[in-house]
Amino acid sequence: MGAELPHVRPSRPSGGLVGGGPRPDIGRGRPATRERGRIDIGSEPIQRVSSGGRPLPLPSASAEGRCLRDDLTFGAAGAFTSEMSTPLPPFEEIVTTHGPTVLRVCRAVLGPMDADDAWSETFLAALRAYPTLRPGSNVKAWLVTIAHRKAIDQTRARARRPLPVDPLPERPAPSEADRRDGDLWAAMQALPFKQRVAVTYHYVAGMPYADVAALTGGSQDAARRAAADGIATLRKTYGEGGQR
Amino acid sequence: MMTTHEPREPERSDLFVALPAIDEETTHRLHDRLVREAQTAGLLDVAYRTIDSPVGPLLLAATAKGLVRVAYGCEDHEKVLERLARDLSPRILHAPARLDAAAKEIDEYFAGLRQGFDLPVDFSLARGFRRLVLTRLRAIGYGQTASYAAIAVAAGNPKAVRAVGTACATNPIPVVVPCHRVVRSDGSLGQYVGGVDAKKALLTLEAAA
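Sequences listed follow chains A and B, in order. Sequence positions in the first sequence follow the working numbering and run 1075 to 1318. Sequence positions in the second sequence follow the working numbering and run 2 to 210.
If we strip away everything but chain B, and leave its shape as in the complex, we get (with noise of 0.2 angstroms):
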């Protein structure tokens, strides 16, 4: 049975080694397929893409509930994919089509056409006090700034000033969960998930209107 000599077989037969590579117009016709009948099925746990904007290319990705993430260059999107097929399921597609709604609204938003968001949000990578935080978080209003300390009075703990700030540090869905409107008491900026730059941005963005 333990043949230690591989028989004279044609070795990566020259039949087949020269076949072009598929071409791109097939690729994407499967792929448009593949995510037509995997939201069918009910299969499309985790849709996303890309978009860019005036902070970098933004990734958003939405859940059947709603835009679970968006998420800065800065965080690697590559590693943002594999924390959310770990975090909330494998069967993750780029399917661009369910994020219509959610990059045109945030188009929109750095346009300056746009104020608020009108996208249902899936909070299911945040827990306990942090989802709560942010929940509070949308009662900034375009253009106002709250403090870390502010948040935690509005979040039922006037003592975890720290904990808002890890709240907003994590939060999965910036720009449109308005993180960046929350500042130091002293009136300096803090920290963003997508970098001070970014941070800085948004407001400027905001003040301007």
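Isolated chain A (complex conformation) (with noise of 0.2 angstroms):
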């Protein structure tokens, strides 16, 4: 029905991203605001980042940041107001089942070093919409969807930033098993932004391409392009599918 435009998302997600539940409900309400690209604007900053291995530092970043906060993008711009038909489940809920994930989506994207700072952004965002969330919505999608925002920012910021010469001294120091997969998040982090994100939303986040497509901005196919040029090179980066 409605054609969707290439780079605008109708202000209800309606494939399975957010809001996709089966319910009742989901097609009526809603009038058909757009929220003045709000949603759209999480994706934008991925064609600007693209250019090659480092992202290039973005002049009116710290303007723009505010505009990423996602209790805007999902309480007040109402996308997900609930009408509480169907309870939200207690956050605790939340961050026991999804939190894990998560966190592994913020290693792939951002590193371990900024993995555990992106992960609580995440969280405590989420926190502050979640009673805004419509019951029923794809969570982990929701949740994949803030992490996403919070890694642009940070890859930003990184940029902003000269390069530490060493680690920060001051971060726990990983665990056996962190050290395990800090190859792999080595490696990741030697794809280019758009590969390291597809890669990560569908092979980590476990999600469709069509999801990781909304998210990332882009058709479905040129998703699942760049998440197989993606681990065509981290196959001959990490190793022959070898290691584990």
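The hints are simulated quantities; they were obtained by calculation from the structure and are not laboratory data. Be aware that a few hints might be false.
[To be verified] List time: in silico EDC-like cross-link candidates among lysine to aspartate or glutamate, alpha-carbon distance up to 20 angstroms:
1. A:1214 with A:1195
2. B:80 with A:1167
3. B:201 with B:53
4. A:1214 with A:1190
5. A:1310 with B:15
Predicted, not measured: the structure shown is a model, and the values here were computed from it.
Work from the hints to combine the two standalone chains into their complex.
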């Protein structure tokens, strides 16, 4: 029906991404108000940072960064305003169920050093917006969407600050398991941003390419290609699927 | 656009399948940090923890105002949390620290070391007449009992004996708000949220002191 513009997602996400649960009320209610492109913002910077390994510094990142606040996107904007017929589970349950996946996503996209911060910011933002989430939503995709924006924020911030010569000393020492993953995450970091997120959202978060494309912008085929290219590189740099 | 066949992509890439689970230490560290930051940001609407007691595990939940819920095991803690999410806020986290004082006082109570609770309580889960009844219960001292009829009188509605029974049966903060001290006029125990055995246990504990 409503033709989807290539870069503007409808204000009420329809695909499996968010709010995609089999709810009877899904088709009614919300007038077709677009959210002045807010939902789209998350995907925009990717195009700008995708020109090679390191992202380019973005001049107005701090001002724009404010627009990326998830409480606005998911809360006040109303796209996920619930009608409270099916109550939301306690947030603790969300953390228990999805915390590990989101941490793996953060590690894959940002590397182990920045993953803790991104995870914390993601869940704090999610907690803030949670009461307005439509019950029955695809919570994992919702969290990955927030994490994606945090990753973009951090990637920009990283581009602005000089690279540290040594690992920051006050970080908690990585655990044994973290160290074993280290090689893979390091290989991930070498991928271009677009490939890295496509690989991560499909293979680490287990999202279908339709959802990956909705999140990163571009077509489903482009997302599939980016992931395939990323995997091909990883096989060379990380090992012939060997290691484990 | 509609491709029916998935082009040859590496299914469930073996690069990722064997990644180990996130270890417990990391999980705890991140959870603690989330609780801390949520508290600071004013986003921790309901904190909860469970404690062991002679009458089984008790779930304790608190808002910023105070203790809002004490639940017996027979009430099914998972269901209780779901109802708290619906009735108060879904911003609920396992956050024992906010309940340290409550846990300590309840422990002391069961050890026979404490006869009254000095805790802020939040009656948000009780409304109207039920709430009024609960506020009257605090007047029944440790080791004492009162009849449902007497509480009805104290609440200003002598005919509302049955409603007093309902108020006690739906007391969201049992043990601390002593609905166990309300018994039938004929001296029999009557019902209790935590089951009659728990009521008996509390009254026996208090009688022994």
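Each hint tested on the structure:
1. Note on residue 1214 (chain A) and residue 1195 (chain A): the hinted pairing holds, with a Cα-Cα distance of about 16 angstroms set against a maximum of 20 angstroms.
2. Taking the CA atoms of residue 80 (chain B) and residue 1167 (chain A), the gap is about 12 angstroms. The hint holds against a cut of 20 angstroms.
3. Restraint check: the Cα-Cα separation between residue 201 (chain B) and residue 53 (chain B) comes to about 18 angstroms, which is no more than 20 angstroms; the hinted pair holds.
4. With a C-alpha separation of about 18 angstroms, the suggested pair residue 1214 (chain A) and residue 1190 (chain A) falls inside the 20 angstroms cut-off, and the hint holds.
5. Note on residue 1310 (chain A) and residue 15 (chain B): the hinted pairing holds, with a Cα-Cα distance of about 14 angstroms set against a maximum of 20 angstroms.
Hint violations for this structure: none, all hints satisfied.
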